[in-house]
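In terms of this note's numbering, the sequence shown opens at residue -13 and continues consecutively.
Derived by calculation from the structure, the hints in this document are not laboratory data. A virtual CB, placed ideally from N, CA and C, is assigned to each residue, including glycine. Some hints here could point you the wrong way.
Computed spacing ranges between beta-carbons, pair by pair [unchecked claim]:
1. P49 to M336: 49 to 55 Å
2. G178 to P295: 44 to 50 Å
3. L66 to M336: 26 to 32 Å
4. R45 to G178: 18 to 24 Å
5. N314 to K132: 41 to 47 Å
6. G95 to D141: 41 to 47 Å
7. G53 to P266: 42 to 48 Å
8. K44 to T349: 45 to 51 Å
9. K145 to N228: 18 to 24 Å
Below, simulated DSS-like cross-link-like pairs (lysine-lysine); rule was C-alpha separation at most 25 Å, straight line [stated by the list, open to error]:
10. K265 to K17
11. K91 to K132
12. K339 to K10
13. K123 to K265
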Amino acid sequence: MFTTKPVACVVVISDLVTDQRVLKTCNLLVKQGYTVHLIGRETPQALPLNTTWPFNAKRIKIPFSKGPLMYICFAWALALHLQRIKPQLVIANDLDTLWPSIIAKRKWGSYVIYDSHEYFCEVPELQHRPFKKAIWKMLERRLIHKTDARITVSDSIAKAYAAEYNLTFNVVRNVPESNTDGAHLMPRAALGMPENQTILILQGSGINPGRGAEELIKAMYELPEMVLYIIGSGDSWQNILNLASDKTLKNRVRCISRISKTELQSYTAAADIGISIDKPTNLNYKYSLPNKIFDYLQAGLPVLVSRIPELENLLNEFPCGVFIENHNPRHIAEQIKILAHHPNLDQFKMQSKRAAQKYTWNTEQEVWLKLLSAVKYNNM
(Lines of atoms letter the chains of each structure in order from A and count residues from 1; the text may use other names and numbers.)
(Lines give C-alpha, C1' and ligand atoms only; values in the text may rest on other atoms or scores of the structure.)
Protein backbone atom coordinates (compact mmCIF):
# COMPACT_ATOMS: atom_id res chain seq x y z
CA MET A 1 0.00 0.00 0.00
CA PHE A 2 1.03 3.65 -0.18
CA THR A 3 3.51 4.64 2.54
CA THR A 4 2.30 8.26 2.42
CA LYS A 5 -0.99 9.82 1.46
CA PRO A 6 -1.30 9.36 -2.32
CA VAL A 7 -1.56 12.40 -4.56
CA ALA A 8 -3.94 12.64 -7.51
CA CYS A 9 -4.15 15.32 -10.17
CA VAL A 10 -7.45 15.75 -12.00
CA VAL A 11 -6.78 17.75 -15.15
CA VAL A 12 -9.31 19.35 -17.46
CA ILE A 13 -9.45 22.19 -19.97
CA SER A 14 -13.12 23.05 -19.32
CA ASP A 15 -14.53 25.21 -16.53
CA LEU A 16 -13.82 23.82 -13.07
CA VAL A 17 -16.98 25.10 -11.40
CA THR A 18 -19.65 23.89 -13.83
CA ASP A 19 -18.17 20.49 -14.76
CA GLN A 20 -20.08 18.35 -12.26
CA ARG A 21 -18.51 15.13 -13.55
CA VAL A 22 -15.04 16.39 -12.66
CA LEU A 23 -16.14 17.69 -9.25
CA LYS A 24 -17.73 14.35 -8.34
CA THR A 25 -14.50 12.60 -9.32
CA CYS A 26 -12.46 14.91 -7.09
CA ASN A 27 -14.76 14.41 -4.11
CA LEU A 28 -14.62 10.64 -4.55
CA LEU A 29 -10.82 10.69 -4.62
CA VAL A 30 -10.75 12.72 -1.41
CA LYS A 31 -13.01 10.15 0.27
CA GLN A 32 -10.62 7.43 -0.88
CA GLY A 33 -7.74 9.09 0.93
CA TYR A 34 -6.06 11.05 -1.86
CA THR A 35 -4.65 14.54 -1.70
CA VAL A 36 -6.33 15.98 -4.78
CA HIS A 37 -5.23 18.78 -7.10
CA LEU A 38 -7.80 19.92 -9.66
CA ILE A 39 -6.11 21.80 -12.48
CA GLY A 40 -7.90 23.65 -15.28
CA ARG A 41 -7.67 26.66 -17.55
CA GLU A 42 -8.46 30.25 -16.65
CA THR A 43 -11.02 31.95 -18.90
CA PRO A 44 -12.59 35.43 -18.65
CA GLN A 45 -16.12 34.06 -18.17
CA ALA A 46 -15.21 31.47 -15.51
CA LEU A 47 -17.18 31.45 -12.27
CA PRO A 48 -15.25 31.97 -9.00
CA LEU A 49 -13.69 28.88 -7.47
CA ASN A 50 -15.42 27.40 -4.44
CA THR A 51 -13.18 27.95 -1.42
CA THR A 52 -14.97 25.22 0.57
CA TRP A 53 -13.98 22.36 -1.74
CA PRO A 54 -12.08 19.62 0.12
CA PHE A 55 -9.37 19.64 -2.56
CA ASN A 56 -6.93 22.06 -4.13
CA ALA A 57 -8.06 23.85 -7.30
CA LYS A 58 -5.98 25.93 -9.66
CA ARG A 59 -6.60 27.58 -13.00
CA ILE A 60 -3.68 27.97 -15.38
CA LYS A 61 -3.47 31.34 -17.11
CA ILE A 62 -2.25 31.19 -20.70
CA PRO A 63 -1.95 33.97 -23.30
CA PHE A 64 -4.28 32.44 -25.89
CA SER A 65 -8.03 31.77 -25.65
CA LYS A 66 -8.49 29.51 -28.66
CA GLY A 67 -6.77 27.79 -31.56
CA PRO A 68 -3.68 25.54 -31.71
CA LEU A 69 -1.55 27.88 -29.60
CA MET A 70 -4.07 27.70 -26.77
CA TYR A 71 -3.87 23.89 -26.71
CA ILE A 72 -0.08 23.85 -27.00
CA CYS A 73 0.42 26.45 -24.26
CA PHE A 74 -2.04 24.73 -21.94
CA ALA A 75 -0.40 21.33 -22.48
CA TRP A 76 3.05 22.78 -21.79
CA ALA A 77 1.90 24.64 -18.66
CA LEU A 78 0.01 21.58 -17.43
CA ALA A 79 3.10 19.40 -17.88
CA LEU A 80 5.10 21.85 -15.73
CA HIS A 81 2.45 21.76 -13.00
CA LEU A 82 2.45 17.96 -13.02
CA GLN A 83 6.24 18.01 -12.81
CA ARG A 84 6.06 20.08 -9.63
CA ILE A 85 3.40 17.86 -8.02
CA LYS A 86 4.60 14.44 -9.25
CA PRO A 87 1.28 12.68 -8.56
CA GLN A 88 0.82 8.94 -8.22
CA LEU A 89 -2.45 9.24 -10.17
CA VAL A 90 -3.54 11.49 -13.04
CA ILE A 91 -7.14 11.66 -14.24
CA ALA A 92 -6.98 13.06 -17.78
CA ASN A 93 -10.35 14.48 -18.78
CA ASP A 94 -10.62 14.42 -22.57
CA LEU A 95 -7.94 14.16 -25.22
CA ASP A 96 -6.71 17.74 -24.83
CA THR A 97 -5.18 16.85 -21.44
CA LEU A 98 -3.82 13.41 -22.31
CA TRP A 99 -0.42 14.36 -23.75
CA PRO A 100 0.96 16.01 -20.55
CA SER A 101 -0.64 13.23 -18.50
CA ILE A 102 1.31 10.59 -20.45
CA ILE A 103 4.47 12.67 -19.95
CA ALA A 104 3.82 12.39 -16.20
CA LYS A 105 3.51 8.63 -16.57
CA ARG A 106 6.74 8.34 -18.52
CA LYS A 107 8.78 10.57 -16.18
CA TRP A 108 7.40 9.76 -12.72
CA GLY A 109 5.41 6.58 -13.16
CA SER A 110 2.03 8.24 -12.66
CA TYR A 111 -0.94 5.92 -13.19
CA VAL A 112 -3.14 7.51 -15.87
CA ILE A 113 -6.90 7.08 -16.12
CA TYR A 114 -8.38 8.62 -19.25
CA ASP A 115 -11.93 9.94 -18.89
CA SER A 116 -13.32 10.76 -22.34
CA HIS A 117 -16.36 12.98 -21.89
CA GLU A 118 -17.05 12.82 -25.63
CA TYR A 119 -16.30 10.77 -28.71
CA PHE A 120 -13.56 13.32 -29.09
CA CYS A 121 -12.44 13.10 -32.71
CA GLU A 122 -16.05 13.03 -33.92
CA VAL A 123 -17.15 16.29 -32.28
CA PRO A 124 -18.85 18.77 -34.66
CA GLU A 125 -15.99 21.26 -34.29
CA LEU A 126 -13.77 18.80 -36.22
CA GLN A 127 -16.40 17.46 -38.60
CA HIS A 128 -15.49 19.67 -41.56
CA ARG A 129 -11.86 20.32 -40.62
CA PRO A 130 -9.95 17.28 -41.90
CA PHE A 131 -6.48 18.62 -41.10
CA LYS A 132 -7.28 19.44 -37.46
CA LYS A 133 -9.15 16.17 -37.08
CA ALA A 134 -6.16 14.25 -38.46
CA ILE A 135 -3.86 15.87 -35.88
CA TRP A 136 -6.16 15.00 -32.97
CA LYS A 137 -6.60 11.49 -34.35
CA MET A 138 -2.85 11.02 -34.55
CA LEU A 139 -2.50 12.11 -30.92
CA GLU A 140 -5.30 9.79 -29.87
CA ARG A 141 -3.75 6.79 -31.64
CA ARG A 142 -0.33 7.45 -30.12
CA LEU A 143 -1.50 8.12 -26.58
CA ILE A 144 -4.57 6.05 -25.86
CA HIS A 145 -2.74 2.70 -25.60
CA LYS A 146 -0.40 4.24 -23.01
CA THR A 147 -3.22 4.89 -20.56
CA ASP A 148 -3.71 2.47 -17.67
CA ALA A 149 -7.52 2.58 -17.64
CA ARG A 150 -10.25 4.31 -19.59
CA ILE A 151 -13.71 5.68 -18.85
CA THR A 152 -16.38 7.31 -20.99
CA VAL A 153 -19.95 8.55 -20.67
CA SER A 154 -22.14 6.13 -22.63
CA ASP A 155 -22.31 2.54 -23.82
CA SER A 156 -22.37 3.68 -27.45
CA ILE A 157 -19.12 5.64 -27.15
CA ALA A 158 -17.49 2.83 -25.15
CA LYS A 159 -18.35 0.33 -27.88
CA ALA A 160 -17.07 2.66 -30.61
CA TYR A 161 -13.73 3.15 -28.86
CA ALA A 162 -13.43 -0.56 -28.09
CA ALA A 163 -14.02 -1.46 -31.74
CA GLU A 164 -11.45 1.07 -32.92
CA TYR A 165 -8.64 0.44 -30.43
CA ASN A 166 -9.37 -3.01 -28.97
CA LEU A 167 -9.34 -1.50 -25.49
CA THR A 168 -11.82 -1.70 -22.64
CA PHE A 169 -13.69 1.53 -21.90
CA ASN A 170 -15.67 1.54 -18.66
CA VAL A 171 -18.89 3.56 -18.55
CA VAL A 172 -19.62 6.17 -15.88
CA ARG A 173 -22.77 8.06 -16.79
CA ASN A 174 -23.16 11.75 -16.04
CA VAL A 175 -25.69 11.31 -13.28
CA PRO A 176 -26.09 13.94 -10.55
CA GLU A 177 -25.51 13.24 -6.90
CA SER A 178 -28.76 12.35 -5.17
CA ASN A 179 -30.60 15.21 -3.54
CA THR A 180 -33.68 13.83 -1.85
CA ASP A 181 -34.07 16.42 0.89
CA GLY A 182 -35.77 18.96 -1.39
CA ALA A 183 -33.32 21.68 -0.37
CA HIS A 184 -33.08 22.93 -3.96
CA LEU A 185 -36.85 23.39 -4.31
CA MET A 186 -37.97 27.01 -4.53
CA PRO A 187 -41.34 28.52 -5.45
CA ARG A 188 -41.55 29.89 -8.97
CA ALA A 189 -42.19 33.40 -7.68
CA ALA A 190 -38.85 33.39 -5.85
CA LEU A 191 -37.12 32.55 -9.13
CA GLY A 192 -39.04 35.15 -11.12
CA MET A 193 -40.81 32.41 -13.08
CA PRO A 194 -44.47 32.70 -14.17
CA GLU A 195 -46.87 30.86 -11.88
CA ASN A 196 -49.58 29.76 -14.30
CA GLN A 197 -47.80 28.91 -17.55
CA THR A 198 -46.21 25.69 -18.76
CA ILE A 199 -42.44 26.06 -18.38
CA LEU A 200 -39.98 24.31 -20.68
CA ILE A 201 -36.30 24.04 -19.85
CA LEU A 202 -33.20 23.42 -21.96
CA GLN A 203 -29.96 23.45 -20.00
CA GLY A 204 -26.32 22.71 -20.66
CA SER A 205 -22.79 24.10 -20.50
CA GLY A 206 -22.20 23.20 -24.15
CA ILE A 207 -25.19 24.60 -26.05
CA ASN A 208 -23.46 24.53 -29.41
CA PRO A 209 -24.67 24.32 -33.01
CA GLY A 210 -26.58 21.09 -33.50
CA ARG A 211 -28.10 20.99 -30.02
CA GLY A 212 -31.50 22.12 -31.33
CA ALA A 213 -31.75 25.35 -29.33
CA GLU A 214 -32.38 27.57 -32.35
CA GLU A 215 -35.19 25.37 -33.65
CA LEU A 216 -36.68 25.20 -30.17
CA ILE A 217 -36.84 28.99 -29.94
CA LYS A 218 -38.56 29.14 -33.33
CA ALA A 219 -41.06 26.55 -32.09
CA MET A 220 -42.07 28.98 -29.34
CA TYR A 221 -43.96 31.09 -31.90
CA GLU A 222 -46.45 28.20 -32.00
CA LEU A 223 -46.68 27.94 -28.20
CA PRO A 224 -48.08 31.24 -26.90
CA GLU A 225 -49.18 29.69 -23.61
CA MET A 226 -45.68 28.43 -22.69
CA VAL A 227 -42.39 29.91 -21.49
CA LEU A 228 -38.95 28.52 -22.38
CA TYR A 229 -35.91 28.82 -20.12
CA ILE A 230 -32.50 28.23 -21.72
CA ILE A 231 -29.80 28.00 -19.06
CA GLY A 232 -26.11 27.54 -19.74
CA SER A 233 -23.50 28.62 -22.25
CA GLY A 234 -21.82 27.51 -25.45
CA ASP A 235 -20.87 28.46 -28.98
CA SER A 236 -24.51 29.15 -29.91
CA TRP A 237 -25.17 31.45 -26.97
CA GLN A 238 -25.02 34.78 -28.82
CA ASN A 239 -27.24 33.45 -31.59
CA ILE A 240 -29.67 32.19 -28.95
CA LEU A 241 -29.77 35.63 -27.33
CA ASN A 242 -30.43 37.25 -30.69
CA LEU A 243 -33.31 34.89 -31.51
CA ALA A 244 -34.81 35.22 -28.04
CA SER A 245 -34.82 39.02 -28.24
CA ASP A 246 -37.54 39.05 -30.92
CA LYS A 247 -40.31 41.22 -29.48
CA THR A 248 -43.03 39.03 -30.97
CA LEU A 249 -42.00 36.31 -28.50
CA LYS A 250 -43.11 38.66 -25.70
CA ASN A 251 -40.38 37.64 -23.27
CA ARG A 252 -41.41 33.98 -23.46
CA VAL A 253 -37.84 32.81 -24.13
CA ARG A 254 -35.65 33.62 -21.16
CA CYS A 255 -31.91 33.02 -21.27
CA ILE A 256 -29.75 32.64 -18.17
CA SER A 257 -26.00 32.21 -18.53
CA ARG A 258 -24.13 29.61 -16.52
CA ILE A 259 -25.11 29.45 -12.86
CA SER A 260 -24.23 27.29 -9.87
CA LYS A 261 -25.40 23.71 -9.55
CA THR A 262 -27.80 24.60 -6.72
CA GLU A 263 -29.40 27.44 -8.68
CA LEU A 264 -29.75 25.22 -11.73
CA GLN A 265 -31.45 22.53 -9.67
CA SER A 266 -33.98 25.11 -8.48
CA TYR A 267 -34.91 26.18 -12.00
CA THR A 268 -35.07 22.58 -13.23
CA ALA A 269 -37.30 21.48 -10.35
CA ALA A 270 -39.68 24.38 -11.06
CA ALA A 271 -40.09 23.48 -14.76
CA ASP A 272 -42.76 21.28 -16.34
CA ILE A 273 -40.90 19.69 -19.28
CA GLY A 274 -37.20 18.96 -19.82
CA ILE A 275 -35.84 19.15 -23.37
CA SER A 276 -32.84 17.45 -25.01
CA ILE A 277 -32.99 17.53 -28.80
CA ASP A 278 -29.44 17.10 -30.07
CA LYS A 279 -29.19 16.46 -33.79
CA PRO A 280 -27.42 13.21 -34.77
CA THR A 281 -25.38 15.11 -37.36
CA ASN A 282 -22.08 13.73 -36.04
CA LEU A 283 -21.09 10.57 -34.21
CA ASN A 284 -20.39 12.40 -30.96
CA TYR A 285 -23.94 13.72 -30.74
CA LYS A 286 -25.41 10.47 -32.08
CA TYR A 287 -23.69 8.36 -29.41
CA SER A 288 -24.15 10.82 -26.55
CA LEU A 289 -26.13 10.42 -23.36
CA PRO A 290 -26.65 14.09 -22.41
CA ASN A 291 -25.97 15.12 -18.81
CA LYS A 292 -29.12 17.21 -18.66
CA ILE A 293 -31.35 14.15 -19.10
CA PHE A 294 -30.39 12.89 -15.65
CA ASP A 295 -31.02 16.32 -14.12
CA TYR A 296 -34.51 16.26 -15.63
CA LEU A 297 -35.13 12.73 -14.37
CA GLN A 298 -34.04 13.61 -10.86
CA ALA A 299 -36.50 16.53 -10.91
CA GLY A 300 -39.27 14.15 -12.02
CA LEU A 301 -39.83 15.93 -15.33
CA PRO A 302 -41.32 14.36 -18.45
CA VAL A 303 -38.90 14.81 -21.34
CA LEU A 304 -38.93 15.71 -25.01
CA VAL A 305 -35.93 14.12 -26.71
CA SER A 306 -34.39 13.43 -30.09
CA ARG A 307 -34.27 9.87 -31.37
CA ILE A 308 -30.65 8.90 -30.70
CA PRO A 309 -29.62 5.40 -29.53
CA GLU A 310 -28.91 6.11 -25.86
CA LEU A 311 -32.14 8.04 -25.37
CA GLU A 312 -34.14 5.41 -27.22
CA ASN A 313 -32.72 2.80 -24.85
CA LEU A 314 -33.55 4.95 -21.84
CA LEU A 315 -37.14 5.66 -22.87
CA ASN A 316 -37.70 2.02 -23.82
CA GLU A 317 -36.73 1.08 -20.27
CA PHE A 318 -38.49 4.01 -18.60
CA PRO A 319 -41.26 5.56 -20.78
CA CYS A 320 -40.96 9.11 -19.45
CA GLY A 321 -41.62 11.30 -22.48
CA VAL A 322 -41.92 11.59 -26.24
CA PHE A 323 -39.56 11.86 -29.20
CA ILE A 324 -39.22 14.35 -31.99
CA GLU A 325 -38.78 12.81 -35.44
CA ASN A 326 -37.17 15.87 -37.05
CA HIS A 327 -36.08 19.39 -36.15
CA ASN A 328 -38.75 21.34 -37.98
CA PRO A 329 -39.89 24.00 -35.46
CA ARG A 330 -43.58 23.29 -36.12
CA HIS A 331 -43.03 19.58 -35.49
CA ILE A 332 -41.18 20.37 -32.26
CA ALA A 333 -44.08 22.59 -31.17
CA GLU A 334 -46.61 19.86 -31.93
CA GLN A 335 -44.66 17.29 -29.92
CA ILE A 336 -44.43 19.69 -26.99
CA LYS A 337 -48.21 20.16 -27.09
CA ILE A 338 -48.71 16.40 -27.23
CA LEU A 339 -46.43 15.90 -24.23
CA ALA A 340 -47.94 18.75 -22.19
CA HIS A 341 -51.46 17.35 -22.62
CA HIS A 342 -50.60 13.64 -22.81
CA PRO A 343 -53.05 11.30 -21.05
CA ASN A 344 -50.05 9.46 -19.57
CA LEU A 345 -48.33 12.59 -18.27
CA ASP A 346 -48.49 11.50 -14.63
CA GLN A 347 -47.07 8.09 -15.58
CA PHE A 348 -44.23 9.83 -17.45
CA LYS A 349 -43.36 11.77 -14.30
CA MET A 350 -43.45 8.57 -12.25
CA GLN A 351 -41.17 6.83 -14.76
CA SER A 352 -38.72 9.74 -14.56
CA LYS A 353 -38.50 9.27 -10.82
CA ARG A 354 -38.04 5.51 -11.27
CA ALA A 355 -35.20 6.11 -13.73
CA ALA A 356 -33.59 8.57 -11.31
CA GLN A 357 -33.65 5.89 -8.62
CA LYS A 358 -31.76 3.49 -10.87
CA TYR A 359 -29.22 5.89 -12.36
CA THR A 360 -27.52 7.32 -9.29
CA TRP A 361 -24.00 8.43 -8.51
CA ASN A 362 -23.81 5.78 -5.79
CA THR A 363 -24.15 3.16 -8.53
CA GLU A 364 -21.93 4.86 -11.10
CA GLN A 365 -19.10 5.50 -8.66
CA GLU A 366 -18.63 1.74 -8.20
CA VAL A 367 -16.80 1.76 -11.54
CA TRP A 368 -14.40 4.36 -10.18
CA LEU A 369 -13.89 2.45 -6.95
CA LYS A 370 -12.94 -0.67 -8.89
CA LEU A 371 -10.42 1.27 -10.99
CA LEU A 372 -8.96 3.00 -7.94
CA SER A 373 -8.39 -0.35 -6.26
CA ALA A 374 -6.24 -1.26 -9.26
CA VAL A 375 -4.24 1.95 -8.81
CA LYS A 376 -3.44 1.00 -5.24
CA TYR A 377 -2.49 -2.51 -6.35
CA ASN A 378 -0.07 -1.14 -8.95
CA ASN A 379 1.59 1.07 -6.33
CA MET A 380 2.07 -1.59 -3.65
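Verification of the hints:
1. P49 to M336: 49 to 55 Å: Check passed, 53 Å falls within 49 to 55 Å.
2. G178 to P295: 44 to 50 Å: Taking Cβ atoms as reference, G178 and P295 lie about 37 Å apart, which means the hint is violated.
3. L66 to M336: 26 to 32 Å: Given range 26 to 32 Å: violated, Cβ gap about 53 Å.
4. R45 to G178: 18 to 24 Å: violated, 31 Å
5. N314 to K132: 41 to 47 Å: At roughly 46 Å between Cβ atoms, K132 and N314 fall inside 41 to 47 Å, so the hint holds.
6. G95 to D141: 41 to 47 Å: violated, 32 Å
7. G53 to P266: 42 to 48 Å: Between G53 and P266, where Cβ atoms are some 28 Å apart, the hint is violated.
8. K44 to T349: 45 to 51 Å: At roughly 31 Å between Cβ atoms, T349 and K44 fall outside 45 to 51 Å, so the hint is violated.
9. K145 to N228: 18 to 24 Å: Once the Cβ atoms are compared, 39 Å apart, the range 18 to 24 Å for N228 and K145 is violated.
10. K265 to K17: Violated, because 38 Å separates the two Cα atoms, which is more than 25 Å.
11. K91 to K132: Holds: K91 and K132 sit about 9 Å apart, inside 25 Å.
12. K339 to K10: holds, 22 Å
13. K123 to K265: holds, 23 Å
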